[in-house]
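Using the sequences and the accompanying hints, generate a full structural model.
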Amino acid sequence: MAAAPILEVESLNVAIPVPAGTLHPVQEVGFRVTRGHTLAIVGESGCGKSLTSLALMNLLPPRAARTAGRLALDGQDLLGLSEREMADIRGNRMSMIFQEPMTSLNPAYTVGDQLVEAERRHRRTSVTAARDRAVWLLEKVGMTGAGERLRQYPHQLSGGLRQRVMIAMALMCDPDLIIADEPTTALDVTIQAQILHLLADLQREFETGLILITHDLGVVARLCDRVAVMYAGQIVEEGTARQIFRTPAHPYTRGLLDCIPIPGKTRRGAHLGTIPGIVPSLVGSMPGCHFADRCPHASGACRSGPIAFRDGAGPGHRYRCVLSLPSGPARPDPAP
Amino acid sequence: MLAYLLKRLGIAILVALTVSVVTFSMIYLSGDPALALAGESATEEDIENIRRFYGYDRPIPVQYLSWLGRAVQGDFGHSHYLREPVATVIFERLPTTMLLGFTALAFALALSVPLGVLAAIRPNSLVDRAALTLAVVGQAMPSFWFALTLMLWLGIYWQLLPITGSSSWANFVMPSIALGYYVTPAVMRLTRAGMLEVLAADYIRTARAKGLRPMKVLFKHALRNAVIPVVSLAAVQFGFMLGGSIVIETIFAINGLGFLAWESIQRADLPMMQAIVLVLSVFYIVLTFLADMLNAWLDPRIRVV
Amino acid sequence: MEKAAPMVSLPAPEPSPAALLRRRIFGHAGLLIGSAVLIAIILTALLAPWIAPHDPYDQVLDRKLIPPVWSDGGKATWVHPLGTDHFGRDYLSRLIWGARISLVIGFSAMLISGVIGTVLGVLAGFFGGRVDMVANFLITTRLSMPVVLVAIAVVSLVGSSLTVVIWVLGLLIWDRFAVVMRSATMQVRNLDFVAAAQALGCSKSRIVFSEILPNIANHLIVVATVEMAHAILLEAALSFLGLGVQPPEPSWGLMISEAKGLMFFDGWLIAIPGTALFALVLSINLLGDGVRDVTAPGGV
Chain A
109 MAAAPILEVE SLNVAIPVPA GTLHPVQEVG FRVTRGHTLA IVGESGCGKS LTSLALMNLL
169 PPRAARTAGR LALDGQDLLG LSEREMADIR GNRMSMIFQE PMTSLNPAYT VGDQLVEAER
229 RHRRTSVTAA RDRAVWLLEK VGMTGAGERL RQYPHQLSGG LRQRVMIAMA LMCDPDLIIA
289 DEPTTALDVT IQAQILHLLA DLQREFETGL ILITHDLGVV ARLCDRVAVM YAGQIVEEGT
349 ARQIFRTPAH PYTRGLLDCI PIPGKTRRGA HLGTIPGIVP SLVGSMPGCH FADRCPHASG
409 ACRSGPIAFR DGAGPGHRYR CVLSLPSGPA RPDPAP
Chain B
83 MLAYLLKRLG IAILVALTVS VVTFSMIYLS GDPALALAGE SATEEDIENI RRFYGYDRPI
143 PVQYLSWLGR AVQGDFGHSH YLREPVATVI FERLPTTMLL GFTALAFALA LSVPLGVLAA
203 IRPNSLVDRA ALTLAVVGQA MPSFWFALTL MLWLGIYWQL LPITGSSSWA NFVMPSIALG
263 YYVTPAVMRL TRAGMLEVLA ADYIRTARAK GLRPMKVLFK HALRNAVIPV VSLAAVQFGF
323 MLGGSIVIET IFAINGLGFL AWESIQRADL PMMQAIVLVL SVFYIVLTFL ADMLNAWLDP
383 RIRVV
Chain C
9 MEKAAPMVSL PAPEPSPAAL LRRRIFGHAG LLIGSAVLIA IILTALLAPW IAPHDPYDQV
69 LDRKLIPPVW SDGGKATWVH PLGTDHFGRD YLSRLIWGAR ISLVIGFSAM LISGVIGTVL
129 GVLAGFFGGR VDMVANFLIT TRLSMPVVLV AIAVVSLVGS SLTVVIWVLG LLIWDRFAVV
189 MRSATMQVRN LDFVAAAQAL GCSKSRIVFS EILPNIANHL IVVATVEMAH AILLEAALSF
249 LGLGVQPPEP SWGLMISEAK GLMFFDGWLI AIPGTALFAL VLSINLLGDG VRDVTAPGGV
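As given, the protein sequences belong to chains A, B and C, one line each in that order. In terms of the numbering used here, the first sequence is residues 109 to 444. In terms of the numbering used here, the second sequence is residues 83 to 387. In terms of the numbering used here, the third sequence is residues 9 to 308.
Because the hints were derived from the structure by calculation, they are not lab data. Bear in mind that the values here come from a model prediction, so they are computed numbers and not experimental data. For each residue, glycine too, the CB sits at the ideal point set by N, CA and C. Careful: at least some of the hints might be erroneous.
[Claimed, not checked] Covered by chain A, per the in silico footprint, the following chain B stretches (three or more residues, Cβ under 8 Å):
hint, stretch
1, 283 to 291
2, 373 to 384
[Claimed, not checked] Partial chain B-side listing against chain A, Cβ under 10 Å, derived:
hint, residue
3, Ala268
4, Arg295
5, Lys298
6, Leu300
7, Lys302
8, His303
9, Arg306
10, Asn307
11, Val313
Right under this line is the structure:
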């Protein structure tokens with residue numbers, strides 16, 4: 109992985125004032141995405157992964173405050189940009205696919221209008237040229253009768269088709285980076301796999317960086333190069349997909365992996381793991397490990413102060429825990 | 083779209099028929115209409131003559147059908163007082179009321195839609211609070227009292243505008259404000275609520291994620307969806323204003339339908355009253371039908387199935 | 009299961025629902041002001057015979073048009089704090105007695121329209137289908153007839169009295185009750201506890217009375233305040249046009265109507281009853297808005 113990172117994030121924090129104090133849903137998050145590669149951000153709902161993605165785009169709700177040590181797209185600092193300059197980057201060099209295809213398209217305008225608009229905003233192309241590109245992209249995302257589709261309204265399309273439109277829209281300006289926030293959660297299981305493979309294929313073809321936000325570890329194993337596991341606002345472990353799946357180091361990651369059945373490996377009727385306890389509230393400050401209260405290995409050291417990252421098994425693997433790397437056999441790879 | 087249109091049209095016609103039944107039965111509210119027409123000194127014979135002359139001796143359904151049949155052709159009978167066909171008088175006065183209605187609606191929309199949008203963009207800001215106060219005050223102010231107060235200050239104390247009559251545009255300024263101000267709160271609240279809801283919608287986030295400029299997000303993506311319910315409300319309110327113009331026209335002595343209604347009631351001119359109620363109701367029905375069509379045009383979810 | 013995480017700064021414990029409601033009520037300025045003004049006006053109306061300084065019908069012709077005490081003319085006197093009208097009747101006393109008329113008409117008309125509209129709306133929302141279609145048709149028909157015009161036409165034909173005005177208004181303004189109760193019932197009907205009650209085999213009337221009505225009561229109160237205010241304004245407009253409450257009753261609308269010929273010389277004649285009307289309607293609206301805010305889920 110010699111390529112320069114397309115996105116660099118360091119010490120990203122989000123703070124939201126709430127009646128009971130200040131909520132810190134994203135804390136000290138940092139990662140890199142390389143051009144043409146996929147980073148998965150994995151975690152339970154509410155762990156801060158969606159807010160992280162909105163923070164990258166600077167699309168947080170007005171009350172939420174973002175701070176970061178570094179946020180750079182292809183070497184260009186994004187932190188100092190005005191809202192106007194940031195708007196020039198959004199949808200152009202950095203685009204986003206949202207979780208809810210049913211509501212993410214404007215019901216009052218045709219698919220074509222909304223696609224063309226994305227390109228016309230950033231490029232000085234003619235309407236015809238933009239429409240041609242829209243048709244080409246709709247074909248790319250596997251929609252039949254693309255020319256006809258341009259004249260259709262969102263409510264005439266199924267959820268899967270709408271998400272394909274959203275993907276085409278994200279690709280309109282040939283971005284350096286696409287952030288896909290749980291792009292398949294709202295879709296039927298059969299459609300989910302199609303959409304994910306489509307995303308992976310297009311990402312390879314267009315050589316963009318991709319951040320895939322998901323709670324589905326099965327998806328991650330198949331499609332992603334690197335994985336960042338988030339828990340309660342923090343990244344608790346990061347590494348290549350292989351490292352995360354074969355030598356998970358953080359107790360939370362291991363807990364998560366125990367919760368998914370492995371085809372052919374997990375015996376029928378065998379007990380799947382669960383992680384006891386509940387996610388802590390993120391209001392106020394919490395000095396120690398966020399997972400300590402649910403962790404079977406927790407000790408006093410876990411709660412005394414901030415936990416630093418340790419190196420894991422191999423280059424680029426790190427985890428936020430006081431324990432040294434667990435010994436024992438590597439897990440089987442869950443990927444088929 | 084055609085099915086939708088036909089269904090709406092069918093309902094509109096049914097409603098209009100029901101209204102015509104109610105309007106027709108108004109003449110029997112005071113008891114025997116012939117008796118009421120004849121006056122107190124009339125003999126039994128006079129009453130019988132009147133009853134036969136106006137057809138009150140026929141069975142009521144027959145009376146209704148013949149009345150409706152003529153009304154559909156624009157014949158509302160003769161005024162008991164003015165000795166002119168009712169329809170002629172009404173169509174003479176209707177344009178004045180329409181003009182008043184339109185200027186009042188224009189005033190109301192020009193005030194309430196921008197205020198509602200501004201209030202929604204900055205909730206709890208100074209603009210929002212000012213708009214809310216205006217709405218709360220507007221809803222509580224009796225329209226006739228507001229009209230008189232306007233007349234007193236703008237017309238008498240400051241001598242800015244003529245106080246009565248309907249001869250020039252200046253005559254319509256105060257009545258339009260008085261009539262329009264009354265519907266401002268509802269329109270403003272709906273615009274604000276619609277805009278707040280739309281601004282929180284996922285597709286607004288999509289539009290921002292595309293890098294669209296705030297003005298484009300606001301006017302192209304948000305306002306279009308937020309005004310859909312406002313269109314229906316504006317049509318409904320326009321109908322209410324025509325009905326409510328009776329108070330305002332009476333105060334400002336504007337020679338429109340409302341003033342005519344008031345005069346006719348004073349003169350116990352039954353055919354005229356009936357016709358005015360029917361005309362205004364039918365007008366309202368047509369208006370809401372048109373608003374439905376406009377909505378279908380604005381909202382493709384209704385138009386394109 | 010372990011308990012939730014021990015934290016350095018714990019969030020405040022959740023207050024009980026009752027405490028939350030109390031806090032919301034007393035934190036809502038509009039609700040407090042509205043209730044205070046409304047209670048003051050109701051008390052004034054109830055105590056009218058004892059607190060009104062004069063007989064509201066008593067004409068003293070050599071004491072005509074005395075201005076209120078704050079005006080600088082030499083005629084103002086504390087015997088008539090708000091002055092007298094063109095028949096020499098004490099304006100303050102008429103204003104106090106007039107509160108009764110506004111409140112009685114507003115409340116009674118609201119009750120009548122509330123019963124009609126709620127029955128119609130709940131039936132439509134609960135049964136849906138044909139019942140809903142019929143109810144919708146009735147609502148549309150009612151909305152297409154202009155209220156003020158129909159009201160004055162009917163009053164002029166039937167003859168005007170307090171009872172007639174109450175009934176005419178009550179029979180005309182039920183539409184909002186029906187619309188709001190219909191949609192509120194539809195929302196509640198689809199909730200789990202209603203489905204559970206149905207599954208348990210509870211009778212329809214039992215479901216309506218013990219499951220649905222309590223859960224739409226807050227909407228009912230809000231519409232009731234809106235319609236009471238509406239009825240008061242309509243009564244005032246009818247009386248102003250000479251087709252509502254008849255002289256010599258001290259209706260506020262009628263007071264404005266009687267004073268309008270003299271308002272160019274004595275503006276206070278319309279300012280005083282107008283302000284009273286405004287204050288009454290405003291207080292009822294503030295109360296209604298307050299109830300809506302305080303009972304809304306997630307409201308502040």
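Q. Looking at the structure, which of the earlier hints fail to hold?
A. Hints 3, 6, 11 not satisfied by this model.
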